[in-house]
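A.B. asks: Modelling step: build the complete structure from the supplied sequences, incorporating the hints.
Each chain, letter by letter, is given below.
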Amino acid sequence: MSNTYFEILRPGVNTTIQDKGRNHMYHVGIAVSGAIDQRNYKLSNKLVDNDLGEAVIEFAYQGPLLKLKNGKINFSVTGDIFFKIIRKNSSVEEGICYKNYILDDDEQIDIISTKNTVYGYLSVNGGFELEKVWNSYSTNTKANVGSNNGKKYSLEDKIFIKNSDLQINKEKKISYNKISDNIIRVIKGTNFDFFSSEAKNIFFKHEFSITKLGDRMGIRLNGHKLENIVSTNIKSEGLVRGAIQVPADGNPIIMLSDHGTIGGYPKIGVVISADLDRVGQITPGSIINFKEVSLEEAQNIFKAYTDETNKYLNECN
Amino acid sequence: MIKNISNLGDAAVYCDFGSEVNEKINLSVISYFNSLSKLVEEHKIDGINNITPSYNKLIISFDLSITNYSKIKKIILDLNVDKKININNKKIKIPVCCDDEFGLDFNRLSDKTKLSKEEIIEAYLNEEYFCYMTGFIAGMPFLGDINKDIRCDRLETPRVKVPKGSVGITEQFANIYTFESPGGWNIIGNTPHKVFDPSNFKEPALIKPGDKVNFYQISKEEYLNWNE
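First to last, the sequence lines map onto chains A and B.
Read in order, the letters of the first sequence correspond to residues 26 to 342 in this note's numbering.
Read in order, the letters of the second sequence correspond to residues 7 to 234 in this note's numbering.
Calculated from the structure, these hints are not laboratory results.
Computed from a prediction, not measured in an experiment: that's the story for all the values here.
Heads up, some of the hints might be wrong.
Said to hold, decoys possible - Mimicking PhoX-like on lysine-lysine, the simulated pairs with C-alpha atoms at most 25 Å apart in a straight line are: (1) A/K203 x A/K97; (2) A/K250 x A/K225; (3) A/K187 x A/K176; (4) B/K170 x A/K176; (5) A/K260 x B/K170; (6) B/K167 x A/K260; (7) B/K208 x B/K99; (8) B/K79 x A/K328; (9) B/K79 x A/K260; (10) A/K237 x B/K167; (11) B/K44 x A/K157; (12) A/K328 x B/K80; (13) B/K9 x A/K260; (14) B/K154 x B/K118.
Claimed, not checked - From the derived model, a few chain B residues whose C-beta atoms are all more than 10 Å from chain A: (15) S25; (16) L33; (17) R157; (18) C158; (19) V166; (20) L230; (21) N233.
Positions of the beta carbon are idealized from the N, C-alpha and C atoms, including for glycine.
C.D. replies: In structure tokens form, the structure reads like this:
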């Protein structure tokens, strides 16, 4: 085992380990977890020459202040992040996302905040000394499963780093274009016809605002109330990432990676796979619009999304 | 049998077995779940991420970069459902302490059912329950059906925190809160028994769909000295 680790000088608001997620556990009530923004998670790994499935540190809003102990590493930060690197001679370097850096013993990474987004990612070449639980490194704080015993990082914790291969000193960069439109594309849900024709119209025509009641489980929205004309409860059934449930109060809730595996509210729609990264990054107070697409359109949009991710990944080759 | 198959978004298949809740329909859901899970375990299908059985639905979520709705739908339509494999018929006994400290909603239940606390407990302990599904939070079993005389709606205002181990009832169902969680079920007691154990890699959830569950009462002293 390596003795290189991050000392946590400030844990940040919600700092966890994430990867592509934990599958085949919904039937026991364990959600998929995994990075909310899967594209940025993959890009951070690629920038430090990791396998794309390697564990990364995910942070939200204010990130951690980390001090490197007993080693030298190659790291990258992705997202729209304001961060600084505090060098040994106390000089402070402004951090730039989508490029890799070398960090020396006793130097620090200060993730000050995300900018107009919620989540960001920090990868280290070689990855972290962690063990997979049900085939994933992801921290699931709801079931207390995964890295760091399923808990977010706090002040006393240490994050051990595997031996980095510093031969790969090659500078890597990606020119990333953040998409900042707030149109979220959805496919009609299995309970779409539970809603009045006025509510259906409102859902696709009116704006909704993102409330402060959001976390890795889901996001609550606020807007015109969506009137249900059949029943405000259904017999509980499975949920998926992106499902939009509408409880009796008429305000939609979008399920994210740590969602309850089953739910009893009618589903008016489901966010398409290609828009999941984006919807998870929208900050409280922002306005969004839903746009209906067909299954076939969603599949084509996903293909374009995958091609674009691959284009970014190829910039690092 | 499946009545209708549709898509739930672009990365899940929604199998509808009807709108009623009963053991027969649920066993049909479970047999589909078991047959599909077996194919996934044997690596005979690519791209399936999760299979979620519930009272009368089965949801199969998949990786859109590997497969798609029409391919998975075809697999389900062509599935040779083996009704014999893996139907759980485990019988599980769960201790419950109904001391006032744990049975938070006896006053409400007595008001609504016109039964005393003792009568409610007796009716509750008298049945063997069938596990319809597990989930919402890790390992939480949805059991049924409880005696008609003690059925009651959810709390008007759900609790922000239901204590871990709480045993709850609502409508025809009973459950066990495996974690502290928000929730609106009527709480009649608490179990010291470990119902979800993440360190048990093979079977983290004690109670699985198809299992049968009996509750038995323990004193507060037994509860406090419970040792597994």
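A.B. asks: Please go over all the hints and tell whether each is borne out by the structure.
C.D. replies: The hints, checked one at a time:
1. A/K203 x A/K97: This hinted pair is violated, its Cα atoms lying about 31 Å apart.
2. A/K250 x A/K225: holds, 11 Å
3. A/K187 x A/K176: With a Cα-Cα distance of about 21 Å, the restraint between A/K187 and A/K176 holds, given a limit of 25 Å.
4. B/K170 x A/K176: holds, 17 Å
5. A/K260 x B/K170: holds, 24 Å
6. B/K167 x A/K260: The hint holds at about 23 Å.
7. B/K208 x B/K99: holds, 20 Å
8. B/K79 x A/K328: holds, 20 Å
9. B/K79 x A/K260: holds, 23 Å
10. A/K237 x B/K167: The hint holds at about 20 Å.
11. B/K44 x A/K157: holds, 23 Å
12. A/K328 x B/K80: With Cα atoms ~22 Å apart, A/K328 and B/K80 stay inside 25 Å; holds.
13. B/K9 x A/K260: Satisfied, since the Cα-Cα distance of roughly 16 Å is no more than 25 Å.
14. B/K154 x B/K118: holds, 12 Å
15. S25: Violated: least Cβ distance 7 Å, not greater than 10 Å.
16. L33: holds, 15 Å
17. R157: Label holds. Min Cβ-Cβ 15 Å, cutoff 10 Å.
18. C158: Fine: 15 Å to the nearest Cβ keeps B/C158 off the interface.
19. V166: Fine: 13 Å to the nearest Cβ keeps B/V166 off the interface.
20. L230: B/L230 is indeed farther than 10 Å from all Cβ atoms of chain A, at 23 Å.
21. N233: About 22 Å separates B/N233 from the closest Cβ of chain A, which puts it past 10 Å; holds.
Violated hints for the displayed structure, listed by number in ascending order: 1 and 15.
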